[in-house]
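Engineer: Using the sequences plus the hints, can you model the full thing?
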Amino acid sequence: MQLRRAFGTIHEGHCPDGWDVANLFLFLKTHLSRSDYTAGAFALEETSEGNLHIQFYIECKIPKRPSTMAKDFIVSTEAVFDVVRDAKGAWEYCTGTGERHGDKPAFDRFEFGTPILYGGTARADLKELVDLVISGADLHEIMTGHPYSYCVHRSRITRFYDDWNHGRKKRYAWELNS
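Mapped onto this note's numbering, the consecutive letters of the sequence shown carry residue numbers 31 to 208.
A hint or two may mislead.
When the alpha-carbon atoms are kept at most 20 Å apart in a straight line, the in silico SDA-like pairs for lysine to any residue are as follows [said to hold, decoys possible]: (1) 118 <-> 67; (2) 59 <-> 106; (3) 59 <-> 145; (4) 157 <-> 189; (5) 59 <-> 139; (6) 101 <-> 46; (7) 134 <-> 39; (8) 157 <-> 192; (9) 157 <-> 175; (10) 101 <-> 66; (11) 118 <-> 68; (12) 59 <-> 127; (13) 59 <-> 138.
FYI, nobody ran anything at the bench for these hints, they're computed from the structure.
Structural biologist: Right, dumping it as structure tokens:
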């Protein structure tokens, strides 16, 4: 699997031998290749138990395997790189900005580049659109209420809408005489 962006947490156990989280944070701040990554946000935070960790969001120029990113970050495992579900939320979390994370404390932060933040939390939920057709919504209501899902599933949902509301159309020559 290759990722174009990743979100994650780096704990003490992920650091190279002889390094602590603060040293790794400084390394990432000064040495992470900006030619491989278009944008990144990093926060050095403390858990409620008092352990330091790094929260990060990163966007790659070209998709990378987590194992390659682990080498770039000099961490011991690729498990620190998670798939991003909400790019804007991850960026705001790591930068300490936005409505939900504007007051999030951190010992240090840094960011670079301009994030694309593509792909929000919008989902292309076909089941939801089908349920709307069954409940009597027309295609215009579906399109205006769920524009992203409608764009993704337009051909499916319009065929289903026609079948549901007007009976299945005869689409093949041998069906025309029946």
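Engineer: Confirm or reject each hint.
Structural biologist: Verification of the supplied hints:
1. 118 <-> 67: holds (17 Å)
2. 59 <-> 106: holds (18 Å)
3. 59 <-> 145: Answer holds: residue 59 to residue 145 is near 17 Å, not above 20 Å.
4. 157 <-> 189: Between residue 157 and residue 189 the Cα gap is close to 14 Å, so the pair holds against 20 Å.
5. 59 <-> 139: At roughly 9 Å apart (the allowed maximum being 20 Å), residue 139 and residue 59 satisfy the hint.
6. 101 <-> 46: Holds, at about 11 Å.
7. 134 <-> 39: holds (16 Å)
8. 157 <-> 192: Holds: residue 157 and residue 192 sit about 16 Å apart, inside 20 Å.
9. 157 <-> 175: holds (14 Å)
10. 101 <-> 66: holds (12 Å)
11. 118 <-> 68: holds (15 Å)
12. 59 <-> 127: holds (19 Å)
13. 59 <-> 138: holds (10 Å)
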